[in-house]
Amino acid sequence: MNPKPSEENLLQGETGAWELVIGMEVHAQLLSEAKLFSAAPTAFGAEPNSQVSLVDAAMPGMLPTLNGFCVEQAIRAALGLNADIQLRSTFDRKNYFYPDLPQGYQISQYANPIAKGGRVQLDLESGETKYADLERIHMEQDAGKSIHDIAPDATLVDLNRAGVALIEIVSKPDMRSAQEAQAYMRKLRAILRCLKVCDGNMEEGSLRADVNISLRRPGDPLGTRAEVKNVNSIRFIGQAIAYEARRQMKILEEGGEVRQETRLFDPKNNGETRSMRAKEDAHDYRYFPDPDLPPLVLTKEEVEKIRKDLPELPDQKKARLVKDYGLSPTDAAILCEDPARGDFFEKTAIGRDARRAANWILGDLFGALNKEGLGIESSPVSPDQLGKLIDLIAAGTISGKIAKEVFARIFREGGDPEDLVKQSGMEQITDTSALERVVKDILAKNPDKAARAKEKPKMLGWFVGEVMKATSGKANPQLAQEILRRSLDL
Amino acid sequence: MSDVSDKKITEADVRHIARLARIAVSEGELSDLAKELERVREWVAQVREVNVKGVASYGGVFDMELRRREDKAEKTDKDDILKNAPDEREGFFVVPKVVEARNGLIKKDISAVDLAENSFQNMEGISYLNAFITTTRDRALQQAEESDKRLREGKARPLEGIPIGVKDLFCTRGIRTTAASKMLGNFVPPYESEVTRRLWEAGALCIGKLNMDEFAMGSKSTFGIGGHVANPWVPPLNGDSKYTVMSPGGSSGGASASVAAGLCLGAVASDTGGSIRQPAAWTGTVGIKPTYGRCSRYGMIAFASSLDQAGVIAKNVRDTAVLLGVIAGFDPKDSTSVNKPVPNYENFIGKNIKGLKIGSIKNFEKMAINFSAYDTGKPFIQPASEMMRLWEESKKWLRDAGAEIVEIDLPHVELALPAYYIIAPAEASSNLARYDGVRYGLREEASDVDEMYEKSRRAFGEEVRRRILIGTYVLSAGYYDAYYLQALKVRKRLIEDFNKAFEKVELLLGPTTPSSAMLSGEYMDEGGREDVLYNYLQDIMTVPANLAGLPAISVPVGKNVKGGGMHEHDAGMPLGIQLIAPPFQEERLFQAGQIIENAAGTFTPPTRWWEKASDEPQTV
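Chains as they are written, first to last, in our numbering: chain A, 19 to 508; chain B, 3 to 622.
Just chain B, with the same shape it has in the complex (with noise of 0.2 Å):
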């Protein structure tokens, strides 16, 4: 095979892909993308040393067929297709002339309209943890009135009345769920999605919908329209600008922020390579990615649709087991949901773990490593030493339990990253494809329609128009076997090792993230710009499972001390541990994760500083 993967990104490829991709790139950022880039691309080709003779290369998680459907034809009211379009004329959505049919006309010069820049001026709820990008206090007042009603009735539903946020990435019926995106920013769905629907009608209250990274891409809930979310942890600091805010992680930011402030009882999010998992670690919740198929995706905004999965971040074991019984379940309008019953999840919770085989990653441990020594010019501290001890503690309290604790071996475990760096941006880049500016969403006037797309589709953050390109340059012609399709089969290799080790142990045990959180504006370069691959580095021990659609759960175990880890602000920050499970075995992950919050406790911020706060808004 010639390798096509020495071949460098240059300007010339960025133009062509971003041509590709229909978003526009001015001359002047060619340079600094093809850089950034090429970097990714570099990494990412570490996926060529695996051996992948004899993979299959099915895209899917679990060997799965497609369900079909009754030909049963249902209308849906025109108004609903209609009410979004940015330009609607007698019944037709309209866009300006297709090149090809423009012939003779005069090129007339329309002016562009930034559309979003005006969605958002009248957003509520801008407090100083900037949790929320829409607050619902009308719809909340109205749904508790009703959960008072059935209380006083004693018709409680499961989760009567109970405070819930939402992840922006969810549809919301009549609310506008925004992704985050400027390309979103007025969209108001006419539908629900499957798990906030089910939400409802257990009785929980929306409470607003959560800041979050545009698009869910982001470790740190830096990169969305709603502005830096704060970790409830630790107040703003003073001083140097780009390192005021403690993160709460990301890209659920918004959710473990709150969650951790008490803002509500709960959240649900979603979780692509670790959105949930870092985000709890982070802020000393619990927050569990359940296996790809258990929650429904519809109506959940899309990123990587093989990864992607919903879940919940909650203060607790049990919070969290009763929430995700309310959202998991079988939905046949998602065709990679899952027929399988629900267990009583809060059934589990208390059970002992007498002679349950658990195994710790030993892999993780060589990657906790190489994450500290990550070359970024600037000093570390030193390893995340304090995690390792946590780590070896919750060893010990499961060992305690009854657990049996043996040492585990992914052999394709540290390859994960890149080739998830490979898969989510492919499925984003096709998934993004559909913001196009003529049926909802943002859009830039132009005079012809390949001009609209462009300038519409640059309204996209830096971070997802990044992924953007590195997905449309994976697929592209001629880089497709060396890339997609070799990180499909890595991909396989790597469901292999898992599938090996459940053979052996019941539960798998390791860190959640390397580090505790981070400041939203560390590792950025003197010009301001993120340092991608540090971000991406994040995901290191939560991307496993998304690539493998397993089942894990991060439990808050301790507080991080100064001097255990890599960073100046680490004392105090909480860290998690992360418990996997074979598909469809959340319970275990129940059962065990309530052993390790029985010995660790629970997590608070030590103050609320955030109510003490001015109420001049803080930009960021």
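Chain A on its own, in the form it takes in the complex (with noise of 0.2 Å):
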């Protein structure tokens, strides 16, 4: 779909230019109170094995029942992803041993998945657009947890996610570098997010990427491919995809082949990837429709119904911010990550200049919150509090640096802008005789200055600078600075 490689994304080795290749598996847990084919609850961080059904522990004829909810999750999400609704699908079973898949075969969706195709926007930082196209949407089981590093002799294991509904986005091979593949990552959780469809927690693991890189010579077929598994953030999204391009292109340019493997990104490792199975443990699923299962089948009036109840959805308040605020794409595509970012910026602007709300919540909000490790959810800021603070600097009541400081402090103590803009004695000096009788005196200590700088205007700035620093940064600056002029005949 993006056909012709361009020039900045490829990669230059010593034997000529290499093209990155990038396909996207993604994981993403359903948000639903009990599990995809058992009644256990799915919550997170529990003590071992009491999230567990006696189906999750696969006990001899317990027998799968599906949960509905989750299936209109899958449907909501495929319809967010542009994807085709399938009336009909249905589950395979995956056959593999590994000790937290208890069945000893995921219920998957193999032949008939629940969505085909789809298209996923992708704003990349320059601010423009490109696309990247679906291969499929299908539900399936999570699997428990393995725990390697507890006991010095064991594996541990835990069933509570055993059973948790999922959802799996394959990409087409339609990314050409990583920080498309981050804006890819990033626009799905974004979506994924505002539908309610998956708390998008990527550290939690209910999201989660297995990536398949290769390189080529532009032009040619694709390149055989490595998979890189569970790459837990978007960080390593990108760390991952540099790791493997350099290791992929040292190999091929010294005649290698790169061999079609699983990896596993170590993020502890800088992002180096390694082996995982063994080439003799070549896999054979033996996928065969699950004969406890019949076939899933949706009615047309079902689907349209969930289409209809669609929020808005993260480009189209993409371009609506951009045309009813007059953002700049990239600042709004930031915006519209989280349905809460959205909607704290919608609350803060109204009203009011959109372009400075923006600036305050990407800049000094989120540099704020991010040093506390907090999401916008639970920023001690409310949209009414910043929009307070713009309005006091709207009217010139504070200049921005003194913003800057009332910022800092309702963000640590919380209160009222206005009445802390007051009670600190924070106010602009905007009285033009207070200020008069400033630079008289800043004048009078400096006469050599003073005359310095009627010959040389840039001391100006000096003088103005002096005036700020003896009203504690309380003075207009461009009062100030007329008055000096006046003062100064220049």
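Think of the hints as simulated: they come from the structure by calculation, not from any bench.
None of the hints are false.
Listing some non-contacts, in silico: residues in chain A with all C-beta distances to chain B over 12 Å:
1) Ser24
2) Lys389
3) Ile394
4) Glu423
5) Phe429
6) Asp466
Straight line, CA to CA, 20 Å or less: simulated EDC-like cross-link-like pairs of lysine to aspartate or glutamate:
7) Lys163/A with Asp89/B
8) Lys112/A with Asp483/B
9) Lys74/B with Glu51/A
Quick reminder that beta carbons are idealized off the backbone N, C-alpha and C, glycines included.
Dock chain to chain to rebuild the complex, using the hints, since each chain is given by itself in its own frame.
As structure tokens, then:
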């Protein structure tokens, strides 16, 4: 879909240029009370094996039953990703042995997924957009967890996660750089969060990416790919791609062949990837239709009803923020990554200078939140508080510099910006006579500088600084400059 | 299509599929196994002859839609999840290190412990019939007290105080459930199967868990940890040890033997390819396999999910109808359970069959002759002539009662068996993957997890291992289309055959089995290995109803005569006739079955030899 390799994405090797080709398989845990095929609760972080039903533990004779809400969630996600819902889909068994896979197979959708196709818009840092097409979206169950590092002699198995509903979103190999892959992941997360389909929490593993990476000479057919598993942050996606690109380029330039294999991302080792499985253990999953589960049949009506009830999606919202608020596409995209951000912005911007509001949110607010490790939902500063702060600037009551101080204080201690400014006497000095007194005083103390300033108008800046110092930053800088000019006859 | 079905199974193939199935196979076994599996492969490859152009390949029987459950969470007691665990630490299941995680660890030689051997030493109730794996005397007595109280108070439930045996494939809360497998030797389910729950709720008494073939795979009840079950019709023969016990059929041999011997009034069992009907036919009892989806599979240990169905064995048609009425019905816990009201089956007992159109399956005749001609290197006396005569006799009885009999051709029915022996093992290979030694069941200690799998899963018996290997093979890369997918399509063709037949008739009629009971050790080679194919052929007439999900009943029609079949020991052994109905028309089976029972009578073993036998437990 992006047929011409763009020059800037090409990697320059010693033997010529290489094109990076990236496809992603993303697993998203669906938000639901109960698991996909059992009634066990889905809570994260509970005591080991306390969220496990007889079905999840694959007790003999236990049978799966489908959670209807998870189906709705999958449909919602697929519609949000512009995919075609398949009115008839089927569940298959994927057979392999692993201690945290209790049935000895994973119930997944192989032959007939719930959705095919789909398209995701990538917002690049330059403000440009590109598209990545989807191959398919299917439902499946999550596995439990094998913990290798608690006991020295054994692997411990916790089945709390076993059976939680997942959707797997499979892209086409449409991405050409780490930046594009990261933009893809950001957009997926934004859409899934906006739809309340997945909490998008990559650290806790509710959203996980497997990244398929290969290199080729521009214009050549696809090269052999390596799949890097469980890359659980957007930053790591960048690291994993960078590492793989280097590794594969080295192999290829030395005349070797990239092996098709699964590799594990190791965040503790500078984002190295390591081969996971020995070759002899090549997998043969022996997929076949699950005889315990008849086909899943949807009606057009129910799909249309879900479509009708979809909220405004990030791309739509982005376009609206650009159009209605005059934001730059880049700023708008960042504000649309999370529905809570968009809400915060719109609540703050309403009736105010929207660009100023965006700048405050993207700059000071995000900076402060990041430092504290907080999400926007738990921001100590509300849109109302930030809005009032912006109003104080707009009215000229406080300077931008003072505003930063006020912001820092309400972020730490809370409170109403207006009261705070009043109580601490932080209002800007806009009283001309008061400032004239200050200027007179400074000129009197620095007669030689004042004399030089008449010849060298650049000195004016120094005087403005002195005025600000003398007034603890409260002087209105424009007014101070005006008075200085007048007093120095400039 | 390049013909992969011509590719022979080699020792390398066996090594590969055994690795996929995580079952240890020694180098010494490879050659025998490869030969055996190759024979099966060559035979099931017959399904390739069917033209399946345009046939859809959905794995199930009926065109059902998946039901959807409400999103409501329910907690399960953590103890229930962990109490059967072979190894547990602070709430975690524990397994040996996963290979990829044990880098740098010193390899310790942990001695392997055979859990299963110790598991069965205190097994109760080994009688000469060997019909039970576990007897539940205390529980039955306790239930009986409650029943007496209810009877005194006039609050009796439909099966109040009636002793029922349960095939050891149904999970029973607090009572060891083994599926006759070493793999599950110590397993005590913290839950009750839906079918048995309905039984106890109706007031039935549980007298024990019945012997069977391991995981219901077998036709003679010889393949389980419970040992060979004896047919009450014949005392054990003296002499050649391989021929000692007359089989009561299988896999539900414990059920058929205990009912025929009157140890219980009825038994619940399962039927995946004939496991209820064939044992019923061999013991002079009545056995019904209802429509797929009629009884819940919840808590019934899965063998082949698209074929498994619970049913009952009882002394006569009426008891069978009453029992089925209790265990049948919708269960949301089973996505393939069908939500249809259950008629009062007993009301159809004694109803006339005037004008009922019954089709006699003419293909079964040729199949019986082919069966008799099976080349085992052993002398046959003659084809199943007595069975053929009794089949004719049944037609006459039904005609006399007002039914109209026509001949019906089911073009694909002869290929039902090879298709079955692809589909059932394929599903079984996946269903039995859960027996991995992690959460319950047998665990062999090992230094890494893959070794633990392979050693533990080696505990599956010979026949189960064989079927897992066949199933793994037919699903594996490169063979899926040629075998599994083709078999699904043949299955669809067979279903179409039945649909067409039921446009013309309301019931189908044919023998249940081509022969009467066989000796447990019959058709073993000199090395004591079973003749695999010969055993599979026992299911030739029962399997079609499973593949099509149809209800079918076996009713005793008479006794074999000397020279009436292919074996030297046929004389006096019961034979059964089979009726097959359209989906959810079980009542017709009871209606017509009763006509046959009226004419043929009921059948009881000539002596109660097992009561006189010495207390010395028998070993076979």
